[in-house]
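Enquirer: Sequence:
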Amino acid sequence: MEALIVVDMQQGILQGDPKHELDAVISRISELIARVRRAGGVVFFVQHDGAPGEDFAPGAPGWPILDALAPEPQDRIVHKRLNSAFVGTSLTADLKQLEPERVLIATELAT
1499 MEALIVVDMQ
1509 QGILQGDPKH
1519 ELDAVISRIS
1529 ELIARVRRAG
1539 GVVFFVQHDG
1549 APGEDFAPGA
1559 PGWPILDALA
1569 PEPQDRIVHK
1579 RLNSAFVGTS
1589 LTADLKQLEP
1599 ERVLIATELA
1609 T
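Residue numbering for the sequence shown is 1499 to 1609, as defined by our numbering.
Hints in this document: simulated from the structure, not taken from any laboratory. For every residue, glycine included, the Cβ atom is placed at its ideal position computed from N, Cα and C. Check each hint, because a few of them may be wrong.
[Unchecked claim] EDC-like, lysine to aspartate or glutamate: derived pairs with alpha carbons at most 20 Å apart:
#, residue 1, residue 2
1, LYS1578, GLU1552
2, LYS1578, ASP1547
3, LYS1517, ASP1573
4, LYS1517, ASP1592
5, LYS1594, ASP1573
6, LYS1517, ASP1553
7, LYS1517, ASP1506
8, LYS1578, GLU1599
9, LYS1578, ASP1506
10, LYS1578, ASP1553
11, LYS1594, GLU1500
[To be verified] Here are the simulated distance ranges between beta carbons:
#, residue 1, residue 2, range
12, GLN1595, ALA1522, 15 to 23 Å
13, GLY1557, ARG1600, 32 to 40 Å
14, ALA1549, MET1499, 33 to 41 Å
15, ARG1600, SER1525, 16 to 24 Å
16, LEU1602, GLY1551, 12 to 20 Å
17, ASP1553, SER1525, 31 to 39 Å
18, ARG1533, PRO1556, 25 to 33 Å
19, ALA1522, PRO1569, 29 to 37 Å
20, LEU1593, GLY1551, 28 to 36 Å
21, GLU1570, GLN1509, 25 to 33 Å
22, ARG1536, PRO1556, 16 to 24 Å
23, PRO1562, ILE1603, 31 to 39 Å
24, ALA1549, ARG1600, 16 to 24 Å
25, HIS1518, PRO1562, 32 to 40 Å
All chains, full assembly: derive it from the sequences and hints.
Expert: The following block contains the structure:
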């Protein structure tokens, strides 16, 4: 079984300067999500919870996960406050419990 971790793919990344090939990145991540789901794997969405007043603050326009990558009920959402998906979250314990054969990580990297 595979586990896919999708990191910080939230509406806020659409703001500011254009990101290099963002549409293509989103498309590839969407295809990867579909493949992992079809194979019975687990998809984790890591969602950054920014401080009040920030673009990624819960409830702010930039906080929701991108519509094109919309989580499904079987997916897991991990909320983080720091620049690490593992510190202060359940992600490490979740992965240890699942014992996936392979862990994939997907994110948009600003250039």
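Enquirer: Evaluate each hint against the coordinates.
Expert: Evaluated hints:
no., hint, verdict
1, LYS1578 - GLU1552, "14 Å, holds"
2, LYS1578 - ASP1547, "6 Å, holds"
3, LYS1517 - ASP1573, "26 Å, violated"
4, LYS1517 - ASP1592, "31 Å, violated"
5, LYS1594 - ASP1573, "17 Å, holds"
6, LYS1517 - ASP1553, "16 Å, holds"
7, LYS1517 - ASP1506, "14 Å, holds"
8, LYS1578 - GLU1599, "24 Å, violated"
9, LYS1578 - ASP1506, "9 Å, holds"
10, LYS1578 - ASP1553, "14 Å, holds"
11, LYS1594 - GLU1500, "13 Å, holds"
12, GLN1595 - ALA1522: 15 to 23 Å, "34 Å, violated"
13, GLY1557 - ARG1600: 32 to 40 Å, "35 Å, holds"
14, ALA1549 - MET1499: 33 to 41 Å, "36 Å, holds"
15, ARG1600 - SER1525: 16 to 24 Å, "22 Å, holds"
16, LEU1602 - GLY1551: 12 to 20 Å, "33 Å, violated"
17, ASP1553 - SER1525: 31 to 39 Å, "23 Å, violated"
18, ARG1533 - PRO1556: 25 to 33 Å, "30 Å, holds"
19, ALA1522 - PRO1569: 29 to 37 Å, "21 Å, violated"
20, LEU1593 - GLY1551: 28 to 36 Å, "32 Å, holds"
21, GLU1570 - GLN1509: 25 to 33 Å, "18 Å, violated"
22, ARG1536 - PRO1556: 16 to 24 Å, "31 Å, violated"
23, PRO1562 - ILE1603: 31 to 39 Å, "21 Å, violated"
24, ALA1549 - ARG1600: 16 to 24 Å, "34 Å, violated"
25, HIS1518 - PRO1562: 32 to 40 Å, "23 Å, violated"
Checked against the numbered hints above, the structure violates hints 3, 4, 8, 12, 16, 17, 19, 21, 22, 23, 24, 25; every other hint is satisfied.
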